[in-house]
Structure formats: C-alpha cells, structure tokens
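Protein chains: 2
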Amino acid sequence: MAKIAILGLGTVGGGVAEVLRHNGASISDKLGEPLELSKILVRHFRDNPYRSLMTDDFSQIEEDPEIQVVVETIGGMEAAYEYTRRALEAGKHVVTANKELVAEKGHELLELARRNHVSYLFEASVGGGIPILRPLVQCMAANEIEEVYGILNGTTNYILTRMNRSGASFAEALKEAREKGYAEADPTADVEGLDTCRKICILADLAFGRQILPAQVLTEGISALDLVDVKLAEANGWRVKLLGRCLRLPQGQRVAYVAPHLVREDSPIASVEDVFNAIVVRGNATGEVMFYGKGAGDLPTASAVVADIIDALRHEKAPSPIGWSAGTEGVVSAEELKQRWYVRTEADQTAAQALLGPLEPLTDKMGLQAFLTQPLPLERLYRAGGPLKMHSCLRVLT
Amino acid sequence: MAKIAILGLGTVGGGVAEVLRHNGASISDKLGEPLELSKILVRHFRDNPYRSLMTDDFSQIEEDPEIQVVVETIGGMEAAYEYTRRALEAGKHVVTANKELVAEKGHELLELARRNHVSYLFEASVGGGIPILRPLVQCMAANEIEEVYGILNGTTNYILTRMNRSGASFAEALKEAREKGYAEADPTADVEGLDTCRKICILADLAFGRQILPAQVLTEGISALDLVDVKLAEANGWRVKLLGRCLRLPQGQRVAYVAPHLVREDSPIASVEDVFNAIVVRGNATGEVMFYGKGAGDLPTASAVVADIIDALRHEKAPSPIGWSAGTEGVVSAEELKQRWYVRTEADQTAAQALLGPLEPLTDKMGLQAFLTQPLPLERLYRAGGPLKMHSCLRVLT
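So the protein lines, in turn, are chains W and C. For the first sequence, counting from 1, position 30 maps to 30 in my numbering; every step adds exactly one. For the second sequence, counting from 1, position 307 maps to 307 in my numbering; every step adds exactly one.
Do not take every clue at face value.
Note that identical chains are pooled: a pair holds if it fits in a single copy or bridges any two copies.
Unchecked claim - Derived DSS-like pairs (lysine-lysine); straight-line CA-CA distance at most 25 Å:
id, residue 1, residue 2
1, K3, K317
2, K30, K317
3, K30, K3
4, K30, K105
5, K389, K338
6, K180, K231
7, K105, K365
8, K338, K365
9, K30, K338
10, K365, K389
11, K389, K231
Please keep in mind that the hints were generated in silico from the structure rather than gathered at the bench.
Throw the hints in and build the complete structure from the sequences for me.
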C-alpha cells in the first residue's frame, strides 16, 4: 500500500483525485500495490466526497511517515515553495504541475530532492497531458539537443486560431476565449507570454542541462498583434503562432525567448489549432520530433501528475536523476539571434532593401507593403525601424 | 565502465556505433560512467574502424561477464531469436529495433528477461527515433488506453504523398521511392502493410497489456490503391494514409488492423508527409496525444537504441517492468468493426442508399460517383459490393 497526499484541491488537485478514483484498479496493477489518497491539504473545509481526508495543517502530512508522495497543486510561489521544501526534507517525493516554481526554483529543489534521496517530478508543468519532459530527458538521452520550440499555451493558440479563421481581432478573440472558459478573468500571464516563458525555461533547463531563468528570457505576447498581419501572413502561406523557443548556438551559448512567429502553413506545427499544444525537439541524431496534444485541462494534466506518482514509487530506490546545473553564464539575449523577419512598412521595397538587404515581398490585396527579410539580428531592425515607418515586425521560423 | 556488444553491423548497428562515438561524452555524463563498445558480432570480417572489436562467435559475447548489454540489430527471426534468448539467459540486458521478433515472440522474451532480472527493451522497433513506447507505457500510465493509430511506415507514406501531390500512380511513386533509397529492392513488407502490422501489434500489446499476434491482424497495403480515389478524396478535403490501428471495444475486446484510410485534411495526422511517421494515442484522461518524427534512418533509430541502453544500465537493479500477458482471447476481427466507408461505384445514389443506408455524396469533376457511408461493418459492404458494381472502398477515420 502506497499512500499519497495532495496539497490544494483546485482544478489539477481535484483532477488527480478523480483520475486515482476512476483508473485506480489499472494504476494499482501497474504499480504492483494499491495507491491510497490519504490526506488533502485545504485552506477551507468544504463538503465533498473527500471531506474526511481534508486537513488545513501541513504538519499532519509532513509528519505522517506513511505518506510517500506529496502532490503539490497549490500553484504560485510562497506556500508551494515552503511545503515542497519541507516535504522533500521529510523524505517524501514531490510531484507538481507548478511551472512557476519549477522555472524559478527548480535547480534548488532538485538538489534538495537529490540530497534526500527522493524524486521531484514535474511532467505536468509543461504541455499538460502531453508526455514531453520524460521523452526529452530519457528517450532522447543519446542526442545532443540543439533546439526546442513549441506552442505552449492553449489560450493564446485559441485566440490566434480564431483571428486566423474567423477574422476576429485580438480583443474579440479574447472575449470568445473567456466565454468558452479558455481564458482567465485576468489573462495577462497567458496573452503576455509569461506562462510560455516559464515553460520554455523548464524545457531549456532540461534540454541543455543548465539553468535559464525567466528574467533572462525576452518575452513578447500577442496582445499587440494586429489582425492585418495575421491575414496578410495567411494569404501568403504562413500562420502566426506564439512560440517559446530555445537553442544551443554553435559556440555553446544558450538562448531562450517567447514571441509570435510566422510558421509555414504546411509545417506540422501550423496545423496545431485551438487550445492544443505542440512541442518540437531537435536532436543531433533524431532530427525533429514533435509532441502534440491537450496542453491543459484537469484530466490531461492530472494524468501526467499521476504518471509521475507511479514513476516516483516504482523507482523508490533509484530516484529520478533529472536536474540541471545552476549558474546562468552562457545565456545570450535573443536580440543577438539572427533570424528572418516579417516586416510591414510604408516604405517601398527599394528603400527597405537599402536598409535591410535582400527582401522577399509578400502579396496583399489591400495594397499593404510587407516583406520577409534575410536573417538579421533584432538590433539591425531597430535601427531601420524609424526611417522605414515600420508598422509591425514579426519573427519567421525557418 | 559499462560494456556493451552489438550483434550485426548493418544500418542500425552501424548507427549505434556512430552515435556512441559521436555523442559519447554526453552519454557517459548522463550515465555517470563511461560506456564502452567492446564486441561486435559479424558474419564476415570487414576492414573498418571497428575491425578490432569484431567476432563471428556469439559465445565470446555470451560468456564475457563484463558485457552488460547486448544490442540485437541482426533483424529477422532465427539467429536474432536464438541470440536474444541466450543473452537474456546469460543475465544480459537486450536492446533491439527488431519489430518482427518483438511482435511474434515479445511475450516469451519479456518473460525470460523478467526471470533473469534483466530488461528487454525495444523503443526503436516502432517509430524509429520517435519516443513512443516509453511515453505510452510510462507517461500515460494513469490512463486506460482506448485507441492507438498511426502512420508507421515511411516508404508507404512517401508513396502516398507523391500520389497526392504530383498525381503519380502507385507504380510511378514506388519507382521514385526506390530511386531515393526510401524503398527496398523487394518492397513487399512495406507496401503490403506487413511492416505496419508488426508495429501495430507491439503498440497494441503495450497499450492493452495483452498479446495480439500479426496473424490476427487484417492487413491491407496500398499496392492496389487507385490514384483516382486519392485525387477524388483530396478534392473533397480528405487525404489517404496507410494506418495501423488498434482499439479497445466497449465490452473489452481488442481489435487491430492495417489499411489505407481517408483522414480529414485539417487533422494533425494529415499533415504528416514524405517519410515521416506519427502515432496518435487516445487515453481516457489525456485525450488524443500525437508523436511525430522520422520513423526510420540509421541515426534516429540508433538514438532510440542508445536511449534504451542508458535506461537498462540506469535501472540495473529495477529492470523494466513492461510486458503483456499471453493468450489471444478477446481479439475480434476488424471485419466486425463498424466504420464509415468511402465507396466509388457505378450505381447512382438512390441504388446505393437502398443497400447501404444514408450516404454523403462526394463531388467530382470527372463525373465519377463516390460516397461516404454511415458506420457499417465490412460484411455489409461485401454484400452490397456485387449489386452496386463497387470499384473501390476505403475506410474513413472518424
């Protein structure tokens, strides 16, 4: 009999309890022993089927020697950070979906887990129910990872899909997303790219084995995106997608950033629509591999949490060796990255070409001027921006 | 220091040696000890950089107590089967890409591995470098798997892509695939669906935890596919893809089959082109998850083999618990599965409707008659086939 506790009974925590109840028999089969949910930490007691398991005192979980795994689904930093540390120090495995905590404090918490011979696992923190972290670390272990990029936020992908398909503006599409329950009352973390930023940090940490912190990641969301550019891109065979992206540069430096990109309409990532997520990993042996599915939702996310619980218990004697080194040297700014740009401007092609070099013009029925540049660093674009009366510029994924 | 041996130095075996050499430092880092390729079993000695490691006597590997992992890349049944058994009995982990052997003898070899406290691992047998078996078994462990389907063969997908894009006939597209090195001199196993059949068996075994043997799998390839149907489907928003598919039916029976299908052009699997593979897994908590990448090639496949080597060595004391039970009860024929059908016929809609029930007509510029049916078992279609002068019928993925 393996006993676990859940901290917080919100969407994910409630989902974990439900998956354990619904698929309990087959989970116990795989584990070789029954799995029992024995305590749930809540702030306020509520009447529901789990009432008898609730406590508002974390020390009851911390001090219960029978609890082997603590599921942290509180979210945010303060309480989650404190309870995670105390659980690891008490010799319990901790499983979480808390991307903010992992992105900010992952290195420290993984070290703490290692010293206490337990696992700190967070498959659910990126891509919801999509298996991505374990495949990246284990299945692609024979590769040097060169790049990871992906659609990591379902809310923004829903908004972009609506803008592209129905011609809704950003504000209209956001309203729709809210009505469908895909966007929160305060959508800032989603639409400004913060959520994607945390996830790309975790992916970069694991892919490159060294830390990148959210504060080092140039982060641009989609709230300033103009429908005109989405439609113009579409008419020329491109889709606009918000990507988190990290690369290892030829000299070994690392870079991570979040920004809307033009992606080719016939690329697999372009066909990722609505609230779906997808992550592309490029390894030096495997080439590009893509993982696709629902990036959020109570049951998908909960199923990733439960898979981590099973993994922690199965390898009780050989805790997960994942981790990354501290220190953020070798991280360069995305501004230095040379990439192709989509540029909409009032200047004509000759004037633009004089400042930006060879351009690939895009066609437009409304008489707008737009081009794709050759690979350029952002700084070169900044310098040309004023003279060219640039209305918008977007990165191009090549 | 961990020592390994490779059996056979063909495409995959040679790729394994190359990945170990090229990414050796980072692999040793992940493993925590150096990994040494110490022997290679060959039939004929050749001059190449590995000449000093070659032997033509398996007992030199079998009896070397320092060799912990044997990589079987001979392929086929006889010798591969014998050496795998002997290696497992000698207490060595075995890692392979041999889908034929795993599909036919997987249960027996996994049992043998279990009794000898070693792992028998075969991530590379399905999807080449795409992580699929471990994600299916580990990351989706909290799910009841309801269905798995996929484009599991790159050669046939290349042929279908060419037929769709350039209007080449099957024979012309096959010729192109041969010229590009994508098809073997004898392409039977690919184009008749046998390769896909073996892979869907392995996926079904793992997904449902019970054996399905290749002989139980209705297997239809693409050699009889008419270009007319590919073009007609395309004009109506569908792509033709060769899928391996397995499902768990509501009463718990299992079914697996291989056949060309119409898939919606806006579905993620429709955008899988050329030699790429993709596998979709539907779990009751996660929903649909897709894994995409190169399904063949020396380095992608080798990198999956090497990841298995690392896994086997890392969990030396807790060998992989994967496996499935023997016995094939509960397997029903795909003929009993109700599905939608694409039908091209000389009969008009009224006559067809009288025999097949409600139909959705497809449009065609050449004046051909084609419909999509409601879900029907194959047997109902057989009965209607004669009277309707049916030219072709294809399954529809819904």
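Evaluated hints:
no.: 1; hint: K3 - K317; result: both (17 Å within a copy, 23 Å between copies)
no.: 2; hint: K30 - K317; result: both (17 Å within a copy, 18 Å between copies)
no.: 3; hint: K30 - K3; result: within (15 Å within a copy, 31 Å between copies)
no.: 4; hint: K30 - K105; result: between (32 Å within a copy, 22 Å between copies)
no.: 5; hint: K389 - K338; result: within (22 Å within a copy, 60 Å between copies)
no.: 6; hint: K180 - K231; result: within (24 Å within a copy, 38 Å between copies)
no.: 7; hint: K105 - K365; result: neither (50 Å within a copy, 62 Å between copies)
no.: 8; hint: K338 - K365; result: neither (30 Å within a copy, 47 Å between copies)
no.: 9; hint: K30 - K338; result: neither (48 Å within a copy, 31 Å between copies)
no.: 10; hint: K365 - K389; result: within (20 Å within a copy, 48 Å between copies)
no.: 11; hint: K389 - K231; result: within (20 Å within a copy, 47 Å between copies)
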